[in-house]
Amino acid sequence: MNERRTALACLIPLLLIGAVFFYGFLLWTGWLSLTRSNLLPSNDFVGLKQYERLLLDPRWQAALWNLLRFSFAFVLLPLAIGLGLALLLDQRLRGEGLLRWVWLHPMALSMVVTGSAWRWLMDPEQGIAEGVRSLGWTGFRWDWLAQEEMAVYALVVAAVWQISGFVMALFLAGLRGIDESMLQAARLDGAAGWKLLRRVILPQLGPSLFSALLVLLPAAIKTFDLVVVLTEGGPGQASELPAFYMFQMAFERSRLGLGAASSMVLVMMVLSIALPYAIVRSRRRVTA
Amino acid sequence: MKRLTLYLLAIAAAVVVALPLLLMLMNSLKSGGEIQHGSFLALPREPGFAAWRQAWAQLSGSFGISLMLAVPTVLLSAGLAALNGFVLCKYRFRGERWVGLLLVLAFFLPIKVYLLPLAITMARLGLDRSLGLLIAIHVIYSLPLALFFRNHFLAFPDELLQAARLDGAGFWRLLWRVVLPLSRPIFVVVLILQFTTIWNEYLFGLVFGPEDARPITAALAQLSAQTETGARAYPLEMAAALLAAAPTLIVYLLAGRHFTRGLVAGAVKG
Amino acid sequence: MTRLALASVRALALLLAGVAQAADLELLHSWTSGSEAAMVTELKAAAQRGGVDLKTTAVAGSSNANTLLKARFLSGHAPTLAQTDKPLRIWAEAVPLADLGPDVGAQIAALPHAVAVELRDARHKPAAVPLNVHRLNTLWSNRRVLRVHGLGVPQDWDEFHRTAAALLRAGVLPLAIGSSAGQKLSLFVGIVLGRAGRDFFERAVVQADPALLAGERMAALLQEFRSLKGYTDAGQVSRDWTGATALLLQGRAAFQFTGDWANGEFQKAGWRPGVDYDCTAAPGNGGLHYFEFDRLVFFAQPARLGSQQRLAGLLLQADTSARLARLKGGIPVRRDADLSGFNACAQRSAADFRAGEARGELVLALSARLGESAYGGLRDVLSAYWASERMTPQQAQTRLAQALRQKD
Chain A
1 MNERRTALAC
11 LIPLLLIGAV
21 FFYGFLLWTG
31 WLSLTRSNLL
41 PSNDFVGLKQ
51 YERLLLDPRW
61 QAALWNLLRF
71 SFAFVLLPLA
81 IGLGLALLLD
91 QRLRGEGLLR
101 WVWLHPMALS
111 MVVTGSAWRW
121 LMDPEQGIAE
131 GVRSLGWTGF
141 RWDWLAQEEM
151 AVYALVVAAV
161 WQISGFVMAL
171 FLAGLRGIDE
181 SMLQAARLDG
191 AAGWKLLRRV
201 ILPQLGPSLF
211 SALLVLLPAA
221 IKTFDLVVVL
231 TEGGPGQASE
241 LPAFYMFQMA
251 FERSRLGLGA
261 ASSMVLVMMV
271 LSIALPYAIV
281 RSRRRVTA
Chain B
1 MKRLTLYLLA
11 IAAAVVVALP
21 LLLMLMNSLK
31 SGGEIQHGSF
41 LALPREPGFA
51 AWRQAWAQLS
61 GSFGISLMLA
71 VPTVLLSAGL
81 AALNGFVLCK
91 YRFRGERWVG
101 LLLVLAFFLP
111 IKVYLLPLAI
121 TMARLGLDRS
131 LGLLIAIHVI
141 YSLPLALFFR
151 NHFLAFPDEL
161 LQAARLDGAG
171 FWRLLWRVVL
181 PLSRPIFVVV
191 LILQFTTIWN
201 EYLFGLVFGP
211 EDARPITAAL
221 AQLSAQTETG
231 ARAYPLEMAA
241 ALLAAAPTLI
251 VYLLAGRHFT
261 RGLVAGAVKG
Chain C
1 MTRLALASVR
11 ALALLLAGVA
21 QAADLELLHS
31 WTSGSEAAMV
41 TELKAAAQRG
51 GVDLKTTAVA
61 GSSNANTLLK
71 ARFLSGHAPT
81 LAQTDKPLRI
91 WAEAVPLADL
101 GPDVGAQIAA
111 LPHAVAVELR
121 DARHKPAAVP
131 LNVHRLNTLW
141 SNRRVLRVHG
151 LGVPQDWDEF
161 HRTAAALLRA
171 GVLPLAIGSS
181 AGQKLSLFVG
191 IVLGRAGRDF
201 FERAVVQADP
211 ALLAGERMAA
221 LLQEFRSLKG
231 YTDAGQVSRD
241 WTGATALLLQ
251 GRAAFQFTGD
261 WANGEFQKAG
271 WRPGVDYDCT
281 AAPGNGGLHY
291 FEFDRLVFFA
301 QPARLGSQQR
311 LAGLLLQADT
321 SARLARLKGG
331 IPVRRDADLS
341 GFNACAQRSA
351 ADFRAGEARG
361 ELVLALSARL
371 GESAYGGLRD
381 VLSAYWASER
391 MTPQQAQTRL
401 AQALRQKD
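Residue numbers (the working numbering), protein chains in the order written: chain A, 1 to 288; chain B, 1 to 270; chain C, 1 to 408.
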């Protein structure tokens, strides 16, 4: 079959390249994490020593805890906000196009711009806090960037602002995909307002919710640029996230082995979400 | 009454979401010294476009570079994704389940992890920094996009393809005449997402892009890092940031509707 | 995007910059700001005058220059020499260094001991050349603001606290500080040297004596360190050291603890030492000179050894050395260097340096004494402790001991 041969001739080389670039380098990083590489990569095998160092590092432990706090808010808030905005947008308001753009636009921005914008806004001396103070409320403070406990939530604010629009789009797609006849039937049965929402609409949004989670969770784990621009991991190391730690160790601190170990842990965290999903999908395909 | 509350709610939400960029816009119209002593929420005393002119002077070159980077990358990666997605879907081969699995996983892997090994490999291979290198790297790492198309093609009835085959169409004709036209909504979503990703990406652009011809995000980062005196030129930085963000903002303005439509068509399936 | 993180990535980029070495010698450095760049220009000129073909490659940010250096070694395109602020032995352990020869060795032996010892590798062969000395334990005072409130420059820490309290009452920000860990380290060193003295510093911090680190004195020092936070403002998180100096220049703050590079900022603003601003040793530090020095390390490249040795010799000459130091805002390394043309602050620093050297009491900076992990760990602990409301001095002590014990 000529057609088939052409098709595969296109596909296979690309897959091979992909294998090297995605998995080959991953294996190399994995190997590095088992050596005592510091300044430069070395081939001295040290087993799981780097991982031991990693787990004992209070800075890494703090980064993991921060990730937990961050992810919690970063997943729940956009879901709620996105759903709300999608429901609003679905009401066929006038100026829907403009509204959609306004709510979607943060997603068009790079993390650098997002982080910079929010850094200015949250500046303790010159940002929104100063603005509020100049309006008369002289005791107002918004020092999250300077507070150990709250710095992570500064990250949350910027990140949620950025991603909520995308979650809204997912829910909107889900809403628009709901069968009209089902809604009609339900309305004829007397369901309206909240009941309609709860009984009919929300259950139909399952796939959208799933897609949203599939996007939000890995995104949380991979958050890096935002940390660099908004807080630099500070104050101290109070808002460090694992991806930031990885970068610091590998590049600025030149502890390649440790950086590689933290990379592998990051990858494993992401895979723990992706793997079940991928396996289920591949099974489903065969039976479909 | 209910409509009124809905409108009020919508407008309030819109204002809150738009606030950061609006404030940046307002502050970009100020003169340098104003922000030192005032706050970001104060209106500009003498609004002017000096910062914008300066920003344009510094960034205009990078605009072109980013375009030269983004357009080929996006077209190539979307095209390849459509091709691969189609083949993966409609042609059986040994180990295809594994390929599918690995592809899905690859979609989630954080590519920052690859920065160092990639840099070292490229250096060892003697490859120089260039736009071509950057494009190639971006295209390679966008291979998992094929999944979007694969999902979409799964729903294709084979009869369409059979009919075309009976008409004597070979592989390429099949792709061009039948498959691509039917995957337009997905194409749009992929194009928009890819364009945004490439336009906003700076890490790889910084490392693999040419030294004198930097993509705009790298130029932006460079701009904010190069203050000679202690005072940061906020209006300049803000104008520059807005300038850098303009193209993607416009893309979403013009194509936002298609974006949602594409999502409805199942670009991101559960 | 912070300069550091940005440049650490740019460093990787230079990895790929067409590395065919056209020039004979290549210097990799991170001297990119105004005065630093001027020094590099002079360096190249000096090399040229001496008949050495030198090319320079600049990367912003010292940690990033280090990153690039490593990357260059990885890919097999190492430069011939590089600016470094890491201890020489770290490089000596990783890569082979050049032997600069007996002539250079003799010149180095004539330098202050604390400096000379850092220029030789494990086999006692000279492998590095110093360019200038920077004092790190300087207290910069805004004399204008102090005069307005009838206050003077504090000579010890008790006086500092009294002055700062008075300033607070008067509504002036006593201490300007930036967000970097280095700023906090400067403060901490100032307190340890000022309160506990050089010996304690050496034994506790440099040698990481566990008893001293866990002891009451260290706890008290840490306590006092964080108490200084009360004299700073919340805006410090988004500012770097130049921003802090700018606060002084704007009349909004009174003191800053940072190295002698701030001298350049004051001079640019046209301020006069002794009148508008002052540069004294940190309170209680007396004549102690806590310093770091810029140095160039030469890597083993047999084909180019001759040029390397010649360049090293050139850079060690008295007049070249003095010129380079003046351009960069530091003081010359050589005891016999001519100090005319240096401003009052530099002269004072040089006097303290020479006196300290004569007494054998120079204190070399931690960045050059501790291993990389220990140094990084120390900075982490200090900045985390400074930022924290809840960490107790005892907890900081434990973490400090842990950090300083790390081996690379």
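The reader is advised that the hints may include incorrect statements.
[What the hints assert, rightly or not] Below, computed lysine-lysine pairings styled on BS3-like, alpha-carbon distance capped at 30 Å:
no., chain 1, residue 1, chain 2, residue 2
1, C, K229, C, K125
2, B, K90, A, K195
3, C, K44, C, K55
4, C, K268, C, K229
5, C, K229, C, K55
6, B, K2, A, K49
7, C, K268, C, K44
8, B, K112, A, K222
9, C, K229, A, K49
10, A, K195, A, K49
11, C, K44, C, K125
12, B, K112, C, K44
It should be emphasised that the hints constitute simulated quantities derived from the structure, not laboratory data.
Taking the hints in turn, this is what the structure says about them:
Proposed proximity of K229(C) and K125(C) is contradicted: the alpha carbons are some 45 Å apart, above 30 Å. For the given pair, K90(B) sits about 43 Å from K195(A) by alpha-carbon distance, which is inconsistent with the 30 Å threshold. The suggested pairing of K44(C) with K55(C) holds, with an alpha-carbon distance near 8 Å, which does not exceed 30 Å. Restraint check for K268(C) and K229(C): the C-alpha separation of about 29 Å stays at or below 30 Å, so the hint holds.
Proposed proximity of K229(C) and K55(C) is contradicted: the alpha carbons are some 45 Å apart, above 30 Å. In summary, the hint linking K2(B) to K49(A) is not supported, as the alpha carbons are separated by about 63 Å, beyond the 30 Å threshold. Taking the CA atoms of K268(C) and K44(C), the gap is near 25 Å; set against the 30 Å cutoff, the hint holds. Proposed proximity of K112(B) and K222(A) is supported: the alpha carbons are some 9 Å apart, at most 30 Å.
Between K229(C) and K49(A) the alpha-carbon distance is near 38 Å, which puts this suggested pair outside the 30 Å criterion. Restraint check for K195(A) and K49(A): the C-alpha separation of about 57 Å exceeds 30 Å, so the hint is violated. Our distance criterion of 30 Å between C-alpha atoms is met by K44(C) and K125(C), whose separation comes to about 25 Å. A hinted pair counts as satisfied when its Cα atoms are at most 30 Å apart, and K112(B) with K44(C) does not qualify at roughly 37 Å.
The structure fails hints 1, 2, 5, 6, 9, 10 and 12 (numbered hints given earlier, in ascending order).
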